[in-house]
Amino acid sequence: MAEETFVLEFPSSYKWLNMIDLMCTEITAGMDFSKDALNEISISVIEACTNALEHGNRCCPDCDVKAVFRRRPDRLVVEVTDCGEGFDFKDYLKHIPDPSDIHKKRGRGIFIMKAMMDSLDYVKVEKGGMKVILEKMTDGGGEEDDD
Amino acid sequence: MKYRIREAGKVTIIDLSGKLMGGYDADVFRDLVHELIEKGMKKIIVNLAGIKWINSTGVGILITGYTTLRKNRGDLRLLNVSKKIESMLYVTKLNLIFECFDDEQEAVASYTR
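Protein sequence lines, in the order shown, are assigned to chains A and B. My numbering numbers the first residue of the first sequence as 1 and each following residue consecutively. My numbering numbers the first residue of the second sequence as 1001 and each following residue consecutively.
Anything over 10 Å on all C-beta distances counts as not near chain A; from chain B, calculated: (1) 1006; (2) 1007; (3) 1010; (4) 1013; (5) 1031; (6) 1032; (7) 1034; (8) 1035; (9) 1038; (10) 1040; (11) 1041; (12) 1080; (13) 1100; (14) 1103; (15) 1109.
Far from chain A by the CB rule (all over 10 Å, computed), these chain B residues: (16) 1004; (17) 1015; (18) 1027; (19) 1028; (20) 1037; (21) 1101; (22) 1105; (23) 1111; (24) 1113.
Calculated cross-link-like contacts (lysine-lysine; reagent style DSSO-like; alpha-carbon spacing at most 30 Å): (25) B:1039 - A:104; (26) B:1093 - A:114; (27) A:35 - B:1052; (28) B:1083 - A:35; (29) B:1093 - A:131; (30) B:1083 - A:104; (31) A:15 - B:1084; (32) B:1084 - A:114; (33) A:66 - B:1084; (34) B:1084 - A:94; (35) B:1093 - A:15; (36) A:66 - B:1002; (37) A:104 - B:1084; (38) B:1083 - A:66; (39) B:1083 - A:15; (40) B:1052 - A:66.
Just so you know, the hints here were simulated from the structure itself, not pulled from any lab data. Predicted, not measured: the structure shown is a model, and the values here were computed from it. No residue lacks a Cβ here, since even glycine has one placed at the ideal position from N, Cα and C.
Full structure from sequences and hints, please.
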């Protein structure tokens, strides 16, 4: 199977997150993922999109979130891009808040994505915006070295 | 997110349905918890059977409800936590904070033990 790519752009509104959940279900159908892995993918991609619309785009109706799903033989790669100013991800990781702290209402999204996906990275987009890249290896994959 | 309130003795059950994901949901749930506290209904069970999915903001909404009730000498416990929600609670160690139940009778009884 060669790489298949699916692109979805949607306005920065919570009501469209359900569509992301449906996309995850459809795109991962037939891929070698356990039920737990499928849940982890869905949770993580929704987190990435929530962060993009809330923090990146500040729920601005004129700013879209772009989600790109890449189906590869041994993995799923999802890239979520917003229009925001971005942040220093490596610095954030040094001070990642304790997710079990009940005095914190927010700040668990990145922790959850990092725990549930095999790979998580943030890059600034040249023309403006921030892109998060999530990867999940299939249950039969992950044995080859990364290029 | 939609909700329905019912009582089981001195325990109040909030049946949630839809999605719990932030934005307007936060305001609705916060106002609901305050309203229940004002009425003296502080033994709360949140039934998540009808919740299709939740994000970390939704978890934050439950945490806010929990801390508000605890400050007012009440409590918030969870019923019918799906696999997805369970894994989020587990990864964030919030499973050590929230008491979770699969059976409504057991959940209600937990307030009388």
